[in-house]
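Q: Sequences and hints are given; from them, build the entire structure.
So you can see what is in the structure, the chains are spelled out below.
Protein chains: 2
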Amino acid sequence: MAYHQEPESELEVDAFHLNSESNQMESLPSLDEVEEILGYKFENWRLLEEAFTDSSFPDKRVSYERLEHVGDSVLNLLFTKEHYFKYPDLPPGTLTRLRAANVDTEKLARVAIEHGLHRFLRDKKPLLDEQIREFSQAILDYSLHSNGLIDVPKVLADIVKSLIGAVFIDCNSSIDTVWKVFKNLLEPIISPEMLKIHPVTELYELCQKKHLKVKFVDLWRESMAFDVFIDNQLVGRGTYGLKKEIAHNRAAKDALDNLGRILGEKDSTDES
Amino acid sequence: MAYHQEPESELEVDAFHLNSESNQMESLPSLDEVEEILGYKFENWRLLEEAFTDSSFPDKRVSYERLEHVGDSVLNLLFTKEHYFKYPDLPPGTLTRLRAANVDTEKLARVAIEHGLHRFLRDKKPLLDEQIREFSQAILDYSLHSNGLIDVPKVLADIVKSLIGAVFIDCNSSIDTVWKVFKNLLEPIISPEMLKIHPVTELYELCQKKHLKVKFVDLWRESMAFDVFIDNQLVGRGTYGLKKEIAHNRAAKDALDNLGRILGEKDSTDES
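Chains as they are written, first to last, in UniProt numbering: chain S, 1 to 272; chain U, 1 to 272.
Just so you know, nobody snuck in bad clues.
Chain copies aren't distinguished; within one or between two, either way the pair holds.
Simulated pairs of lysine-lysine, PhoX-like, Cα-Cα distance not exceeding 25 Å:
1) Lys86 with Lys180
2) Lys243 with Lys124
3) Lys196 with Lys209
4) Lys243 with Lys125
5) Lys196 with Lys154
6) Lys81 with Lys180
7) Lys183 with Lys81
8) Lys107 with Lys154
9) Lys125 with Lys107
What the hints contain is simulated information worked out from the structure, not anything from laboratory work.
No experiment lies behind these values; they were computed from the predicted model shown.
A: As structure tokens, this is what we get:
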């Protein structure tokens, strides 16, 4: 009886599928908890699932990427609007820098860790757990932002954006609702006073002001390092194997720290 | 009687100020007309004035730049949302390209010209009128987009964005209202089928496919031109004095046109 056999074999496949999925899911906490973190109940639960599903996950039908694309635009507008009313005298250039600081990848990745959102990510990337663990450790050394000194797993910022996108779509595109849900989660909100200069820029600006000649030597291929020479003297070094840019930033930071001491000593010698 | 003198002299100053302003404004059409173009009545008329005031205008208290900053974010979200629902199967990379095409500077500058919005601009930039006239002429040669072949006065795109920002702030941040007001004005909306490749990219892609070696020679400093050599043969040239990038794009376009003919001839010779 072909009629009966077909549904039965389909059922078998489904049971197997469910089983293999449930194995992968078993260590994942329920998404109900995300609703509690947000203080928001989803009308369309699939959006919430989609927001946490990486394309590496076996359930290939969804990926958070489209919702992240939406959330990125929503987040930009939320800060644009907030700053427009809060800082009526700020010129557009500063408004742009301020927004960039608030939607920055490390900033959002910290939000994910702070509220434990990373625990809900459905992925099959073998190295990601370790990268997230390292990032959670590394941020302890920098209270607000490392300014390019640590490596940020981009997916952490992505899931914050995709979650923002999911709420935006779920609540019929009310940006006011999205802001109410996420405003506290996005703390600390960066204010104009908190805007920091990047260490490489800061070093160049300081040296220009003090009439010092600064030179970076790229040794990254040979030894994963950058050296910084100021007036032909070695003043700083930064090493980082995974990303050249971070080695570069670390070298600038090291030079800034040492230069601060050197100039401090020089200033006090001059004064005495 | 100091009490009476002071207000009188203030009145004199005000009268003078009004007079000098009215001279500068006299050739400008009334902003009422913008409300007709938009089909939208402003609650706060100052937002409308601000949206059309360039920082070069003597009334230095306002400039459209902050509203443009807001409008830019609003416009991004409008297209992001529209595309998210309209194209449920498009991957995020294509969504990003599609949005970029719809918020592109030349695209928006064409909108300004099409609806005569440039006529309301309050500025004191001596060369701008001529640049706008040239742009209005140049777009007649390209029905939809020149793809980098003509010079675009950025201010034209800016005032479309600042006007979007002004409506957004005026209507209490309802993105649905803004979309209703601007949807028709922003026509033609670029669809995935209409996405064009930039001529430089197109030339490289075509040459790679046909196993041809392409080389650009930068002669811009000497003769405001770029030459394009394909398999060591001169195939295209582009000149443009104001912007190097446009000369580069024009060279690619010229090479594509010529290459089309050459390959067409070659193909038909091969076939015969």
